[in-house]
Amino acid sequence: MRTCLIVDDSRVIRKVARRILEDLGFDVAEAADGAEALAWCRTTMPEVVLLDWNMPVMNGLEFLRGLRMEPGGAAPKVVFCTVENELGAIREALESGADEYIMKPFDSEIIAAKFAQAGLA
Amino acid sequence: MKPEDRELVAQLCAARSGQKVDPAKDYLIETRLGAVARREGFDSIGDLMTGLRAQREDRLIWAIVEAMAAGDTSFFRDRTPFDHFREVQAPELARRRGEQPIRIWSAACSTGQEVHSLAMLVDDMAGQWPDARFELFGSDLSERALEKAQSGLYTQFEVQRGLPIRSLVRHFEKVDDMWVISPQLRQSIRWRRLNLIGDLSRVRGFDLIFCRNVIGGMIEPARQRLVENLAAALNPGGQVVFGVDEDPVAGAEPLRQVEGAPGLFALSATDRAAA
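Just so you know, the sequences run in chain order B and H.
Residues in the first sequence are numbered consecutively from 87, following the numbering used here.
Residues in the second sequence are numbered consecutively from 7, following the numbering used here.
Nothing false has been slipped in among the hints.
Which residues of chain B face chain H? A partial, calculated answer using Cβ under 10 Å: (1) E172; (2) L173; (3) E195.
The list that follows gives simulated cross-link-like pairs (lysine-lysine, DSBU-like), each with its CA atoms no further than 35 Å apart: (4) H:K180 to B:K163; (5) B:K190 to B:K163; (6) H:K180 to B:K101; (7) H:K154 to B:K190; (8) H:K180 to B:K190; (9) H:K31 to H:K8; (10) H:K154 to H:K26; (11) H:K31 to H:K154; (12) B:K190 to H:K31; (13) B:K163 to B:K101; (14) B:K190 to B:K101; (15) H:K26 to H:K8.
No lab work stands behind these hints, which were simulated from the structure alone.
Glycine included, every Cβ here is placed at the ideal spot set by N, Cα and C.
Input sequences plus hints: build the corresponding full structure.
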């Protein structure tokens, strides 16, 4: 089964996203910050990462840059899912290697559409 | 809302726009007409219908018909027709039309997402055929939908339904909490209010017409009228894109389905010869 790693410091967001992603057929793993997520990826590289931006310890952008440096780290699709909704932030995320970008709040329709656009349909 | 009022709404929609409205769908009708009543200064939908029966004012009838016709839409909706446009139709038209304008009509464009999606694709492909001149047109029955379409302003929710993030970054600016499509794209589209079952004798010369998710919601005589109007508006070799699940022409005339392309129809051979 395809694996999606949800990286978000909000337990509620992780729970909501997990339900949506499981409905889309993903096997879901969770991490509460970038450092935890990076450690997880070093063990098992997921197919896709749903990534928050603002988190303690290591933020989403730092995680993404770190992930892309890891062996096999270019492979996962990374979909940001964040309250950051300015063009500058979106551009920075794309330039850092993000594949798609969701501005919170989100719903199942938006996640499904964005995953399809990232080639994950 | 009284059953006879819902019946009247259904009759008006059938007569004016050919739209099939089920009088039993009270929630849908009341949701749509509640907004009309507020906008027109009535205290309730009941008052709106009483006012309508008393005066039969044309403007009020159209406000009701337009409200009932409002459809759901999103950027690159159903994706496949846009992929087909980018990969097959646009290159073929660019080759065939040379320096002649390539005219594309989004016939029921609602709030503009479909024709703006086409405008983005055309802009993205601009360098591929330097001589090609694409002309885009958007029309809808609803004046209010057209106003929004022309403004090019969309909510965060709307730009996340179907629009790839790179297209958002390339073609939109953020204005407060809204997103606005670039002036260049907005100004590349010509807009007009049109009733697709009305007199369209001056609407001619299109190479490609998008008319998706309209005909499936129409009563029978209106469906035929719509097909005739669209066929008459096509250039020789032109095509109409209906919804993928729509079967618009039971008798196949004057359009025929293009094999292997669900929802895609072209002028039948005899009409093409006559055109």
